[in-house]
Amino acid sequence: MNTTVLNCGYVPLVDSAPLIVAQELRFAADEGIELNLLPQPSWAALRDLLALGHLNVAHMLSPMPTAMSLGLSGPPAQVDALMVLSANGTVIGVSSMMADAMRAKGWHGGFDNPIATAPPMLAALNRPLRVGVPFPYSMHRLLFEYWMRHTGGAPDMQIITTPPPLMADAVSSGELDVFCVGEPWGSVAVSAGVGELILPGVAIWAHAPEKVLAARRAWIDDNATSVSGLMRAVSRAARWLDQPDNRVLAIEILARSAHLNLPISAVEHALTGRFATRADGPPVHVPDFVRFYDRATNFPWRSQAAWIGEQISHITGIDRAHAIEVAQGTMRPDSYRMHLGPVSVDLPGASSKVEGALSHSTAVASTKGEMILGPDAFFDGKTYDFAPVK
Amino acid sequence: MTRGRWQRRPSVRPTVVANDMKIAVVESDPGRAREIIDALKEDGWQDVVVLGDVIGLARKLSALNPDLVLIDLANPSRDALEQISAASDAQSRPVAMFVDHSDDEMTQAAVTAGLSAYVVGTLQPERIRPVLKTAIARFQMMSQMRLELEAAKQALADRKTVDRAKGMVMRARGISEEEAYALIRKTAMSQNRKVIEVAQALLTASDLLS
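So the sequence lines, in the order shown, correspond to chains A and B.
Sequential numbering of the first sequence, starting at 1, is according to this note's numbering.
Sequential numbering of the second sequence, starting at 1, is according to this note's numbering.
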């Protein structure tokens with residue numbers, strides 16, 4: 001079989017795991033594909049190289065294809081999400097000073113209650129909160145701002161883009177009061193003794209698409225064979241990652257591979273969902289902290305994109321209907337069905353669902369009749385039913 | 001090899017590369033920062049500030065308000081600059097990228113694509129002026145393109161509104177398209193309003209009444 005080399009950009013975070021596993025366990029090779037994994041120093045660099053065609057595909061923050069396609073971020077480019085690579089996996093933390101101020105306002109700690117945590121957080125300081133996020137168009141930011149808007153109104157706050165490896169330093173220097181970041185960088189701040197974790201992202205939205213596998217639309221259209229092989233390989237890798245028996249081996253592979261350059265403990269926190277929320281505290285376990293495959297994680301739901309589009313319209317002020325329409329167009333369930341249906345990946349009956357409707361795991365109609373979705377509830381119990389794209 | 005990359009926002013930054021421009025260099029390695037400053041100064045730029053500590057980068061840059069930012073393509077703090085371009089128009093400024101190593105495949109690709117402004121490995125003072133000039137010129141071109149895109153979008157949206165209003169008038173009065181447009185236009189002129197405003201008012205009124 002001829003091997004096709006695909007330039008695949010990623011940012012060295014634990015949730016790039018499906019791409020690394022696809023390459024290292026030779027799932028890609030089985031499909032005649034070699035993933036040339038190219039680590040990128042920043043999301044902006046990754047975005048620009050994808051837009052300009054030097055990367056064929058990329059591991060991307062889920063709001064990025066929409067932001068790019070709306071012309072909000074980088075060189076304008078029509079970029080689509082072939083599949084979702086992971087759901088959840090982020091944490092929200094505060095500086096030690098802020099945590100003390102929150103306790104003085106009646107915060108009792110805990111790691112699972114957005115409704116009870118918001119009031120002491122908003123009352124803690126007499127000035128606008130300074131909130132660190134990894135990128136202006138990231139699920140971290142969308143979740144944080146959603147949480148704020150839906151509890152006690154939108155407070156005055158400054159959103160400050162901070163690269164994850166610098167987050168702990170920015171907290172310790174007093175530059176940030178709050179930080180929203182993917183693991184292991186929350187744990188890094190905790191073990192450095194500069195902050196405490198107050199919520200996992202999953203407490204705000206129980207199934208938030210976090211990273212996607214993105215490519216330019218024109219490239220997707222012109223390279224059906226490569227797209228098909230790549231999606232099959234990544235789907236296999238995601239399934240492998242979500243089998244509990246494989247997690248220990250996965251931690252080992254990711255920590256050893258030259259692709260991440262993270263210590264084993266860092267990878268472990270993220271993959272097991274077990275970490276301390278404060279320096280001297282006991283470890284807590286967050287169920288569903290990160291998902292790679294189960295609950296149809298990889299399916300590119302148009303409704304998830306629509307939610308992202310709506311949030312982007314909130315933070316930028318651009319027209320809501322336009323943002324939602326463009327966002328829905330960036331998810332490619334058509335391509336997912338075409339390429340993964342024939343290899344027995346279970347497919348849902350519809351490509352949109354009511355986001356937030358499931359407070360428990362629920363069986364839904366699918367091609368193999370094995371699909372279980374949810375929970376996917378929002379902390380405030382709201383549901384989002386978007387009109388399907390025309 | 002002189003290529004530029006900058007943040008794109010509508011802007012009215014200077015059109016000439018003047019030596020009194022304030023340049024901020026984001027570089028944490030003191031040796032390299034010194035090299036860059038020396039090269040800039042040798043070419044007549046005096047107002048050069050180095051930001052070594054990248055914590056609070058956006059805030060510090062806002063306070064400095066430089067005319068141009070120079071940063072390594074491989075610097076992770078580039079994402080922090082994204083925010084500046086996403087913030088207010090008043091803060092828009094060109095950002096020129098440079099790269100430190102020319103061996104890496106992707107870096108080469110970026111340079112070829114015009115993403116990065118400079119290969120510092122061969123930093124020569126006489127190269128700096130054209131690099132910065134290119135960066136600023138392309139920043140302005142992108143800003144212009146963005147403005148034009150906005151204007152085009154608005155024009156398209158306006159035309160749709162006017163078309164709908166025309167259709168309404170045609171149906172309501174049983175007149176031709178030309179007559180409907182003439183009527184809207186005449187109304188606009190007599191009220192000293194724009195055609196689009198009258199069209200919008202018509203549609204709003206019709207929504208209220210239907």
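Treat the hints as calculated values from the structure; they're not laboratory data.
Treat each hint with caution, since some may be false.
Said to hold, decoys possible - In silico SDA-like cross-links for lysine to any residue, where the CA-CA straight-line distance does not exceed 25 Å:
(1) B:Lys60 / A:Arg320
(2) B:Lys60 / A:Asp169
(3) B:Lys153 / A:Ser172
(4) B:Lys160 / A:Asp245
(5) B:Lys60 / A:Ala218
(6) B:Lys153 / A:Ala387
(7) B:Lys60 / A:Glu310
(8) B:Lys153 / A:Ala321
(9) B:Lys60 / A:Leu52
(10) B:Lys160 / A:Pro41
(11) B:Lys160 / A:Ile318
(12) B:Lys153 / A:Asn261
(13) B:Lys153 / A:Ala123
(14) B:Lys153 / A:Leu52
(15) B:Lys60 / A:Leu129
(16) B:Lys153 / A:Met97
(17) B:Lys153 / A:Gln78
(18) B:Lys153 / A:Ile318
(19) B:Lys153 / A:Ser173
(20) B:Lys194 / A:Asp319
(21) B:Lys60 / A:Glu325
(22) B:Lys153 / A:Glu252
(23) B:Lys60 / A:Ala77
(24) B:Lys153 / A:Gly71
(25) B:Lys160 / A:Arg320
(26) B:Lys153 / A:Arg320
(27) B:Lys153 / A:Pro165
(28) B:Lys60 / A:Ile315
(29) B:Lys153 / A:Ala77
(30) B:Lys153 / A:Glu310
(31) B:Lys160 / A:Asn246
To be verified - Sample of chain A residues lacking proximity to chain B, with all beta carbon distances greater than 10 Å (derived):
(32) Pro41
(33) Ser42
(34) Trp43
(35) Pro134
(36) Pro136
(37) Gly152
(38) Ile160
(39) Asp169
(40) Ala170
Beta carbons are placed, not taken as given, at the ideal position from N, Cα and C, and that holds for glycine.
Here's how the hints hold up against the structure:
1. B:Lys60 / A:Arg320: violated (33 Å)
2. B:Lys60 / A:Asp169: holds (16 Å)
3. B:Lys153 / A:Ser172: violated (45 Å)
4. B:Lys160 / A:Asp245: violated (58 Å)
5. B:Lys60 / A:Ala218: violated (40 Å)
6. B:Lys153 / A:Ala387: The hint holds at about 24 Å.
7. B:Lys60 / A:Glu310: violated (31 Å)
8. B:Lys153 / A:Ala321: Roughly 15 Å between the alpha carbons, so the hint for Lys153 (chain B) and Ala321 (chain A) holds.
9. B:Lys60 / A:Leu52: With a Cα-Cα distance of about 30 Å, the restraint between Lys60 (chain B) and Leu52 (chain A) is violated, given a limit of 25 Å.
10. B:Lys160 / A:Pro41: Status violated; Cα separation ~44 Å.
11. B:Lys160 / A:Ile318: With Cα atoms ~19 Å apart, Lys160 (chain B) and Ile318 (chain A) stay inside 25 Å; holds.
12. B:Lys153 / A:Asn261: violated (45 Å)
13. B:Lys153 / A:Ala123: At roughly 43 Å apart (the allowed maximum being 25 Å), Ala123 (chain A) and Lys153 (chain B) break the hint.
14. B:Lys153 / A:Leu52: Distance ~24 Å between Lys153 (chain B) and Leu52 (chain A) Cα, so the pair holds.
15. B:Lys60 / A:Leu129: holds (18 Å)
16. B:Lys153 / A:Met97: The given pair, whose Cα atoms are some 48 Å apart, is violated under the 25 Å limit.
17. B:Lys153 / A:Gln78: holds (17 Å)
18. B:Lys153 / A:Ile318: holds (13 Å)
19. B:Lys153 / A:Ser173: Violated, because 44 Å separates the two Cα atoms, which is more than 25 Å.
20. B:Lys194 / A:Asp319: Given that 25 Å is the threshold and the Cα spacing comes to 23 Å, the pair holds.
21. B:Lys60 / A:Glu325: violated (37 Å)
22. B:Lys153 / A:Glu252: violated (52 Å)
23. B:Lys60 / A:Ala77: violated (31 Å)
24. B:Lys153 / A:Gly71: holds (12 Å)
25. B:Lys160 / A:Arg320: holds (18 Å)
26. B:Lys153 / A:Arg320: holds (16 Å)
27. B:Lys153 / A:Pro165: Violated, at about 40 Å.
28. B:Lys60 / A:Ile315: holds (23 Å)
29. B:Lys153 / A:Ala77: holds (17 Å)
30. B:Lys153 / A:Glu310: Holds, at roughly 20 Å.
31. B:Lys160 / A:Asn246: violated (57 Å)
32. Pro41: Violated, since 5 Å does not exceed 10 Å.
33. Ser42: Violated, because the least Cβ-Cβ distance between Ser42 (chain A) and chain B comes to about 4 Å, which does not exceed 10 Å.
34. Trp43: Since the minimum Cβ distance to chain B is about 5 Å, Trp43 (chain A) lies within 10 Å and the statement is violated.
35. Pro134: violated (7 Å)
36. Pro136: violated (5 Å)
37. Gly152: Correct as stated: the minimum Cβ-Cβ distance to chain B is 25 Å, above 10 Å.
38. Ile160: violated (6 Å)
39. Asp169: Asp169 (chain A) not clear of chain B: closest Cβ-Cβ about 6 Å, inside 10 Å.
40. Ala170: violated (5 Å)
Hints 1, 3, 4, 5, 7, 9, 10, 12, 13, 16, 19, 21, 22, 23, 27, 31, 32, 33, 34, 35, 36, 38, 39 and 40 from the list above are not met by this structure, while the remaining hints are.
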